[in-house]
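Counted from 1, the sequence shown has number 632 at position 632 by the UniProt record's numbering; the numbering is strictly sequential.
No lab work stands behind these hints, which were simulated from the structure alone.
Note that this is a predicted model, so its numbers are computed, not measured.
For each residue, glycine too, the CB sits at the ideal point set by N, CA and C.
The reader is advised that the hints may include incorrect statements.
[What the hints assert, rightly or not] The list that follows gives simulated cross-link-like pairs (lysine to any residue, SDA-like), each with its CA atoms no further than 25 angstroms apart:
id : residue 1 : residue 2
1  : K73       : I210
2  : K488      : V406
3  : K122      : E68
4  : K211      : N39
5  : K73       : N194
[To be verified] Simulated restraints on C-beta separations:
id : residue 1 : residue 2 : range
6  : V417      : N309      : 18 to 28 angstroms
7  : F459      : K505      : 48 to 58 angstroms
8  : T133      : D215      : 45 to 55 angstroms
9  : T293      : G368      : 12 to 22 angstroms
10 : D377      : V426      : 50 to 60 angstroms
11 : E595      : D724      : 20 to 30 angstroms
12 : N602      : Q507      : 23 to 33 angstroms
13 : E183      : N163      : 25 to 35 angstroms
14 : E302      : F29       : 33 to 43 angstroms
15 : D377      : Q507      : 44 to 54 angstroms
16 : K505      : Y308      : 46 to 56 angstroms
17 : P479      : K505      : 22 to 32 angstroms
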Amino acid sequence: MATKWKNKIAVIVWILLLSYGINGLLVGFTKADYYFNQNYFQTDDFDHTLNEFIDRLVMFEIGGITSEEAKKKITVTKEEIEEHRYRYGNLNEQITNIKGQYEEKIQDAVTANNEEVVNFLKAERDQKIADITANFTSDDHVRQKIMKEKEAEVDQYFIDRENLRPQFITYKNSFKYYLKNNETGKVYTNLNLNDGPVSQLMNNKNMAFIKNYTDLSIEGRYYSFDYKEQVEQLFNNNKATFEGQIAVPKTSSQTNTVLNEFYDFKKNQATYYIYCLGAIVALILSIFLYKNTAVVRSLSFEKIERYYNKVPVDVKVIMFGVSFIVTWVFLVQGYFLGYWSTFYQLVEGILYNLFWCALFLALTLVQGKLLFDRYKDSSLLKSDWQGALLIRIKEAIKNAFLNRSVGTKVIVNLALVFAFGLGAAVVIIEPKFIIIYIPAMLLVGVPLLILTFKRIGYFNQIIKNTSELASGNFEPDLPIVGKSVLAKLAGNINTLKYGVKASQKEQAKSERLKTELITNVSHDLRTPLTSIITYTELLKTPELGADERDSYLEIIDRKSKRLKVLIDDLFEASKMASGNIELIKEKVDLAQLLEQALAEYNEKISESTLQFRVTNPEKPIYAVVDGQKMWRVFDNIIGNILKYSLENTRVYISMNQNQVGDKVEISFKNIAKYELGGDINELFERFKRGDASRQTEGSGLGLAIAKSIVDLHDGEMEIDVDGDLFKVTILLNLI
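With these hints in hand, go ahead and build the complete structure from the sequences.
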């Protein structure tokens, strides 16, 4: 425990020394021009004070101009007369303006039958018109008016000047001067010449600072009050020059502000040297501690790093940048060197600044180390950039405008809400704007509020409906209100709901067919297998005769072949369904292929009671197909016709091209022996047979195999039943 505390103290001491060292060096560099190897009387601050004193001295003493003298210098130029004359337009415009000012007032007085007011207003109006007319007919009239304006400004100038007199008195207590006009020889001084000659009074023994002048010009040294240029020139055109001396006495007093500033400068300068020297020592010690103390060099930030690495990379960079800037601001601070009157204030200022320097420097160093350790491998920077806040904002904005109308409406709504909030604040500050705010609120704000709540309610309905749908409960359809995005969403959810229902039905059907498939496969495979096993056991009977043995063997052979056909068909159907079969396509005449398939069954057709009506085109019909597989399609369908057709009925087989000539339609029609109920398309399923009793020798795979082969050729195979009429239609692409 004690070791941990020692380690923490060592780190704190190191960061404080480092902060002090860097702060002292930076302060030393930034304030070197002011404090380093310089006297207060060489600073810009003193130079500004001295010139300001001379300005006030010129204004109040050696300028030598009074209000009456300034007024005597007033002149009026032709340009000033013209400017005054046309200041408010030409004669007609000014007269029209004056008449307009009085017209309504006179009319109100006439309406009120107040003849006295009418006469007064007319007289005042006519007097102004006469004055304006005189402006355009007499230069002397205008000149007198301008003279009065300038005299009024001169009077105001001297009134404003008195506001600066306290400052002049303060400066006069801080400076000693002896100046003589080079032209008139008149002397201006605040020295007591009874104490001795000027040379005895103005020397380095008595004065902290002395400046000699041989040709001090006072032209342009009057303080400007932003009056007209012509008025200010009355005071600034004094071209007199002076010789003499201006000095700062060594005598200290509360009123000698300049000497006090001199002593403050010397005190601050000494503090500056001591502070900078201490900073150099502190910096050396911090380097020594870093090199010789393993605690500082082995600092671990694992706990912080886990959380820090979760922060987006751009936020980390901004945090580091802000921390660095704040650290720099505190490190270059040296205000405490110039603003202290007691040693306690100095120490307080140094410690306050040092605390914040150390805190932000530590934050900056920790962040810098964590950033460097993580991103010295540039690949991490690339991967982290994908999760940057800017990228997230960009994606959020992009997603917000995936549907542009939604993004635009949200932005508009937010802008309106902000505008009405800002408007409420404006109305509180300036109630007169309520006449604009209330109508805007009624016409826009209230409808917007109602519409927003409607949309929220509609959205909540959608959420409730989808929650029920996710739970398996089919709620009534959502209402489709308008053409908004929410209405489209509601419509899509309704569509999805029907899709889910259809999917559930399809899933139930699939489960049923799967169960039937297992049952049918078990039945169809078990029947011949059972016969084989039974007759094999019978063959083991010793008393069995030769004829019976041959009969049993013939049955076993027939059932074995039956079992082989079933297994072969099952494997082929599975391969077809999975697409795991290779087609050898070539140019084949489909009409000839159909004739060959019929020829294979010629004997069975002759033995049956069925009458075949075949319509085959005279011209060849060519298609690129796998001839063997397509023959299997015809073979399976014709075989089914012979097995499942009602006796003594007709069978129709036809092959025709469509009008465009790019497809061929092959149709097979027969009258079913068994009643076909339920979903007719289930006949395409494996082991699905037309006779539910499964008394025929079919495998139930014929149509399934045929359908798969046609699909592999990008064709179509459909079944249609009309009563007992069973129809199979095949569509294939031609060359």
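Mind checking the hinted window 23 to 33 angstroms against the Cβ distance between N602 and Q507?
Check failed, 46 angstroms falls outside 23 to 33 angstroms.
Within 33 to 43 angstroms or not, the Cβ separation of E302 and F29?
Distance hint for E302, F29 holds at roughly 38 angstroms.
Tell me if the straight-line CA distance from K73 to I210 falls inside 25 angstroms.
Measuring from Cα to Cα gives roughly 37 angstroms; hence the hint is violated.
Please work out if K73 and N194 have their alpha carbons no farther apart than 25 angstroms.
Given pair K73, N194 is violated - Cα atoms ~38 angstroms apart, limit 25 angstroms.
Is K488 within 25 angstroms of V406, Cα to Cα?
holds, 12 angstroms
Given a hint of 45 to 55 angstroms, does the C-beta separation of T133 and D215 actually sit inside it?
holds, 54 angstroms
Is 25 to 35 angstroms right for how far apart the beta carbons of E183 and N163 are?
Given about 31 angstroms between the Cβ atoms, the range holds.
Given the hint of 18 to 28 angstroms, is the C-beta distance from V417 to N309 inside that range or not?
violated, 38 angstroms
Taking the beta carbons of D377 and V426, is their distance inside 50 to 60 angstroms?
54 angstroms Cβ-Cβ, so the 50 to 60 angstroms window holds.
Verify the proposed pairing of K122 with E68, using a straight-line Cα cut of 25 angstroms.
Given pair K122, E68 is violated - Cα atoms ~39 angstroms apart, limit 25 angstroms.
Per the hint of 46 to 56 angstroms, is the separation of the Cβ atoms of K505 and Y308 within bounds?
Since K505 and Y308 have Cβ atoms about 55 angstroms apart, the given range 46 to 56 angstroms holds.
CB-CB spacing for K505 and F459 relative to the 48 to 58 angstroms hint
violated, 30 angstroms
Consistency note: the structure conflicts with the earlier hints numbered 1, 3, 5, 6, 7, 12.
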